[in-house]
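**Q** Sequence:
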Amino acid sequence: MTDSQDTGTAASAAEAPAEAPADAPAAPVATATAEAPTGGNPVAPAPTGARTAAEVVTPEIAARLTRGVVGSSRTANHTPFTGEKLADLPESTPEDVATAFERARAAQERWAKVPVKQRAAVLLRFHDLVLRRQAEVLDLIQLETGKARLHAHEEIQAVAVTARHYGRKAPAYLSPKARTGVVPTLTKVTELRQPRGVVGQIAPWNYPFELSVGDALPAFVAGNAVVMKPDTETALTALWAREQLIEAGLPEDVWQVVIGEGPVVGPAVVAHADYVSFTGSTRTGREVAQGAAARLVGVSLELGGKNAMLVLKDADVEKAASGAVRGCFASAGQLCISIERLYVHESIADDFLQRFAARTKAMRLGNSLAYGADMGSLVGERQLEAVTRHVDEAVAKGATLVAGGRPRPDIGPLFYEPTILDGVQAPMAVCDEETFGPVVSIYRFRDEDEAVALANATPYGLNASVWTKDGRRGRAVAARLRTGTVNVNESYAAGYASVQAPMGGMGDSGLGRRHGSEGILKYTEAQTVAHQRLMPLAPSFGMTDEKYAQFMSRSLRAMKALRLR
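The opening residue of the sequence shown carries number 193 in my numbering; numbering runs sequentially from there.
It should be emphasised that the hints constitute simulated quantities derived from the structure, not laboratory data. In this text the structure is predicted, and so the values were computed from the model without any measurement. Don't take every hint at face value.
Said to hold, decoys possible - Quick list of the computed label-pair ranges, beta carbon to beta carbon: (1) 228 to 264: 16 to 26 Å; (2) 320 to 748: 47 to 57 Å; (3) 722 to 642: 51 to 61 Å; (4) 615 to 662: 22 to 32 Å; (5) 363 to 721: 46 to 56 Å; (6) 313 to 646: 28 to 38 Å; (7) 298 to 718: 19 to 29 Å; (8) 601 to 690: 50 to 60 Å; (9) 642 to 380: 51 to 61 Å.
Each residue gets a CB set at the ideal place from its N, CA and C atoms; glycine is no exception.
Using the sequences provided together with the hints, build the complete structure.
**A** What follows is the structure in structure tokens.
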């Protein structure tokens, strides 16, 4: 995740909408006036006669969603579709953050005493509310991020899967575990899992539903409270999630939300938390880690990536081209695990590029609160500037523009066409820097060893993709890649959505994991309770020190022979 869209922390460091049927049409947010370029990506037709942004986010709705936010000043958020203001929001000061932690800490003590099965039941009720009211939050996600509705729905899917998983599995993950004692029978050992207390969570703007409540759910079911700083521009989505979770049974004070500028609010969150969860840039992630380390509290970090897709010689070219479109341009490329480097075997590269380019040029861009668009908008001026800089510099230094490469102000101020670059090489910035936009560079390779070496030639290690007709071969190549997740014949969704398995980064892509046992146990402290029975681990029954040492030596040999662990 790039610094240009960082939510910020440490030294730098972000009434619910009226329910509507999931398939209800929605109007375009605005009508663009600029002329569409010749040969540009087509525009998805906008439905007529439906709700506008002003109807979705009314002052009454904003006031309802922000109820309970500790903020002594005022700020606002805006929609990338037009740049217009969406809502007035409370703005928190460091003193407000301290107040939020006080409230959360008092509530957490009571929440931790609730049996884990009852806490898990809250997640299952939340799961049902999200699916029942998905049209509400889909509108908010689109308005706050500018993404296409299908990409917004990926967040619905991810949150529902996470809620179901931890709603079902948390009691098993958190249950007391019997462990073998130092002397079997004489030493009874139990491993307990205690909540850490109050988790400080700093969530990004790019997936404001999944990366806010999705990361908080395991913390809640483990018995923690959460003080969350969402990005200001996407705060309404997180607050909608909070409202649904409270309706599902979460005590209101267990989830506190603070809103404000990263350099102001972020360090205050880190300064009070018992554990820190951060998703953002590698640069800021280092600062978060330093702040947490100074207080000796744990931290999990999902950071940047320069993710690679490998299309092997035997791949199904048509399927790989289709997968590349999804992997490179979902949420306009503003996805931490999206593909920015495409390595294709030289024998099929031309065929692949022709098919991939044709699909990319046919993608429909749109700003409507409705299904139909294949890609939406970038989120802000800094993202547009970063994308434009990478593409223009690469072309100026000799790269070939295969598709896209231009903004689309005829649709909205921050739209940029999905872009394919060929002939990219160092020192072009797009070669090594994370773009975090709808831009991918294509490279050719001769054999698998070269492809693996090229894919691993980055300090990042978040996600990768391998395409081949031979599943065993694909898994073997995957095991050689230095990334936290690898998808075979899929770009990112299979690995991310398989929530029983851990997801996270290697190298500069972060520390810790979400999902699976690691995704919930990180929010706990392991406690060992050892009960010694019958005799102490010391000379007893008249033994001399020497006799005790001999007894223990014989016991240790016997335990090895019995293959005790």
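**Q** None of the hints should be skipped; say for each whether it holds.
**A** Comparing the hints with the structure gives:
Taking 16 to 26 Å as the suggested C-beta distance range, the pair residue 228 and residue 264 does not conform, at roughly 46 Å. Between residue 320 and residue 748 the CB atoms are about 54 Å apart, so this pair conforms to the stated range of 47 to 57 Å. In this structure the supplied range 51 to 61 Å holds for residue 722 paired with residue 642, their Cβ-Cβ distance being about 53 Å. Checked against the hint of 22 to 32 Å, the C-beta distance between residue 615 and residue 662 comes to roughly 30 Å, which is consistent with it.
At roughly 19 Å, the beta-carbon separation of residue 363 and residue 721 lies outside the given 46 to 56 Å, and the hint is violated. Between residue 313 and residue 646, the C-beta spacing of about 48 Å breaks the proposed range 28 to 38 Å. The supplied range of 19 to 29 Å is met by residue 298 and residue 718, whose beta-carbon atoms lie about 25 Å from each other. About 40 Å separates the C-beta atoms of residue 601 and residue 690, a value inconsistent with the hinted range of 50 to 60 Å.
Residue 642 and residue 380 have their C-beta atoms about 56 Å apart, which keeps the hinted 51 to 61 Å range intact.
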